[in-house]
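Student: Input sequences plus hints: build the corresponding full structure.
The listed protein sequences correspond, in order, to chains S and Y. Each step along the first sequence adds one to the number in my numbering, with nothing skipped, and position 38 is 38. Each step along the second sequence adds one to the number in my numbering, with nothing skipped, and position 164 is 164.
To be clear, the hints were calculated from the coordinates, so they are not data collected in a lab. Treat the hints with care, as some may be off.
What the hints assert, rightly or not - Chain Y side only, calculated, beta carbon under 7 Å to chain S, not exhaustive:
#: 1; residue: VAL32
#: 2; residue: TRP37
#: 3; residue: GLY111
To be verified - Sample of chain Y residues facing chain S (criterion: CB under 10 Å; computed from the structure):
#: 4; residue: TYR21
#: 5; residue: THR30
#: 6; residue: ILE125
#: 7; residue: ASN154
#: 8; residue: SER157
#: 9; residue: ILE161
#: 10; residue: GLU186
#: 11; residue: VAL234
#: 12; residue: ALA241
#: 13; residue: MET276
Think of the CB as a built atom: it goes at the ideal place given N, C-alpha and C, for glycine as much as any other residue.
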Amino acid sequence: MRAGTIHRQTLIRTFKKSAMAYTFIAIPLLSSIIFLIIPMLVSFYWSLTDYNGLQPAKFIGFQNYNQLFTNDKYFLISLRNTTLLVLMGMSVGPTLGMITAILLNQKIRFQSLFRTAYYLPVMTSLVVVSTIWVMLYNQNGLFNTLLNGLGINSVGWLSNPKIALVSVAIASIWQGFGFETVVFLAALQSISRELYEAAMMDGANGIQQFFHITLPSLRPVIAFIYIYGIIGSYQIFDQVFVMTHGGPIFSTSTIVFFLYSKFQDLRLGYASAIAYVLFAILVVFSYIALKMEKD
Amino acid sequence: MYQKKNLHKPFQFSVKRFWLYLILIVTSITMVIPFYWAVSTSLKFEQFVFTNPPQWFPTPATLQNYVSVFTKVNFDKYFFNSVFVTVTITLGHVFFDTLAAYAFAKLKFPGRDKIFFFLLFGLMIPFQVNLIPLYRIMATLGWNDSYLALIIPNLTSIFGIFLMRQFLLTIPNDLLDAGRIDGCGEFGVFWRVVAPLALPGIATLIILTFMGAWNDFLWPRIVLNSESLFTLPVGLAQLQARNTSNVAQIMAGTVLAALPMIIVFLFMQRQFIEGMTAGAIKE
Numbered sequence: 001m002r003a004g005t006i007h008r009q010t011l012i013r014t015f016k017k018s019a020m021a022y023t024f025i026a027i028p029l030l031s032s033i034i035f036l037i038i039p040m041l042v043s044f045y046w047s048l049t050d051y052n053g054l055q056p057a058k059f060i061g062f063q064n065y066n067q068l069f070t071n072d073k074y075f076l077i078s079l080r081n082t083t084l085l086v087l088m089g090m091s092v093g094p095t096l097g098m099i100t101a102i103l104l105n106q107k108i109r110f111q112s113l114f115r116t117a118y119y120l121p122v123m124t125s126l127v128v129v130s131t132i133w134v135m136l137y138n139q140n141g142l143f144n145t146l147l148n149g150l151g152i153n154s155v156g157w158l159s160n161p162k163i164a165l166v167s168v169a170i171a172s173i174w175q176g177f178g179f180e181t182v183v184f185l186a187a188l189q190s191i192s193r194e195l196y197e198a199a200m201m202d203g204a205n206g207i208q209q210f211f212h213i214t215l216p217s218l219r220p221v222i223a224f225i226y227i228y229g230i231i232g233s234y235q236i237f238d239q240v241f242v243m244t245h246g247g248p249i250f251s252t253s254t255i256v257f258f259l260y261s262k263f264q265d266l267r268l269g270y271a272s273a274i275a276y277v278l279f280a281i282l283v284v285f286s287y288i289a290l291k292m293e294k295d
Numbered sequence: 001m002y003q004k005k006n007l008h009k010p011f012q013f014s015v016k017r018f019w020l021y022l023i024l025i026v027t028s029i030t031m032v033i034p035f036y037w038a039v040s041t042s043l044k045f046e047q048f049v050f051t052n053p054p055q056w057f058p059t060p061a062t063l064q065n066y067v068s069v070f071t072k073v074n075f076d077k078y079f080f081n082s083v084f085v086t087v088t089i090t091l092g093h094v095f096f097d098t099l100a101a102y103a104f105a106k107l108k109f110p111g112r113d114k115i116f117f118f119l120l121f122g123l124m125i126p127f128q129v130n131l132i133p134l135y136r137i138m139a140t141l142g143w144n145d146s147y148l149a150l151i152i153p154n155l156t157s158i159f160g161i162f163l164m165r166q167f168l169l170t171i172p173n174d175l176l177d178a179g180r181i182d183g184c185g186e187f188g189v190f191w192r193v194v195a196p197l198a199l200p201g202i203a204t205l206i207i208l209t210f211m212g213a214w215n216d217f218l219w220p221r222i223v224l225n226s227e228s229l230f231t232l233p234v235g236l237a238q239l240q241a242r243n244t245s246n247v248a249q250i251m252a253g254t255v256l257a258a259l260p261m262i263i264v265f266l267f268m269q270r271q272f273i274e275g276m277t278a279g280a281i282k283e
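Tutor: Quick look at the structure:
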């Protein structure tokens, strides 16, 4: 009798505790299901349909995907532009971040002042940064007047289809590399001083120290920077929207910008297929990230 | 030994240090010039915006552009919308994310790890994939073109839960048990014991959420039609798109949109840096 009561009490207590825990997670869980998981599944179904939001979706199998890769020049251009932006960004940004972090990691005055300068654009909105660069890139803007002062002809930064993509990349690198500076700096500061002292005793010079201590210690951070940099850059949209609107003649259209324009045209099935192509690209890089983290 | 002594001498003059400072100063100036140029342009009369040679100091200077973004463009409304939406979203995250993180980190209940794993899967889904169905859901609910579409889907985030869970795991269980013995319920333990200890983590969460919401562009751009509901990035992008002639006025808007983040950053620099590096560097 007594044992039974105790048992029932613990049962009620566990239930109460669990009920409490379920209440605590209820809203985030519901929110994730309604606004994340269901849309994701619906989006995949729509990517297999012809759907404009007004008439019911018509199932057409993989035709959207087929058309994207075999019959849509502008999608392939957008895919190529995005990949070029990722390549340009990733070949310059992290290196700049690493160099500035190493410079900042010396014994210097005003360290936090310099760090703030590099970091300032990172937390500024991309729309703000882009409107500023539109002004700088203007035909009569600061860059061209400075070039003219040096006796160089004006450049059509955003109006020349051969240059516009590079201009977008430059602005994006300027905006983003401060993040890498700050992350690398924090990582550098966490490397034990003793390692360097031991290396100095062994007579290793600065360059040897860099390749045998600094780089190996930073390996996980470097992997993080590149993977998340690539994933982030593949989603580039704001800069393109503000600076060029994809132009001139599609020379700066990116995957997400192309998706956005198809969404505006109410080609919802087609736009969903574009979203899933992007998803697939990001999954590949996330998989690589997971693999590298396990090593 | 000899080298070490030298390092501590103030203002040691060497060629190496000269180059070090030169590079740092030149690159820092490169970073600041676009901002400086935006501020300087915002104080110019329109006819002096593009001059050759460039006018580094606005002469004559004017505040007219700042007046006109409030009188001719509704920047006061954009400002209010941005503040209202961002603050509401941030409060939602602090409450819901931390509470859920507490359950995942410190409470035992059936299915806990499975649910958490399920949520982690959701972390991988890029926003663009949900965009169109989410827009249709908002349309069905009649929420498009209202604060609801901006706020409700963004009140919690899996990333926030994940971040806070990592943080709460470091709080010793003994403290929670002490709270329970003192007669606190689970919510009482959360509110009186966990939340105060989690404040540094919450600061990080606030900064990341605030920054994300304040700078968000794609989603507000898609769900908003009425100009009176525009947030600052949406309003600024529209001003830029339709008003290419009046650059000085655009720059006044730009400076106003950038200023709040920069002020918050300057006051909370340490938390910003810790927050931004939280994902990259494991202690």
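Student: A separate judgement is required for each hint: does it hold in the structure or not?
Tutor: Structure-based check of each hint:
1. VAL32: Holds: closest Cβ of chain S sits about 6 Å from VAL32 (chain Y), inside 7 Å.
2. TRP37: This hint holds: TRP37 (chain Y) lies near chain S, its Cβ roughly 6 Å from the closest one there, short of 7 Å.
3. GLY111: At about 9 Å, which exceeds the 7 Å cut-off, the nearest Cβ of chain S leaves the hint on GLY111 (chain Y) violated.
4. TYR21: 7 Å, holds
5. THR30: 8 Å, holds
6. ILE125: Check passed: Cβ of ILE125 (chain Y) comes within 5 Å of chain S, closer than 10 Å.
7. ASN154: Nearest chain S Cβ about 8 Å off; hint holds.
8. SER157: 8 Å, holds
9. ILE161: Holds. Min distance 6 Å.
10. GLU186: 4 Å, holds
11. VAL234: Holds - the Cβ of VAL234 (chain Y) comes within 10 Å of chain S, reaching about 8 Å at its closest.
12. ALA241: 8 Å, holds
13. MET276: 6 Å, holds
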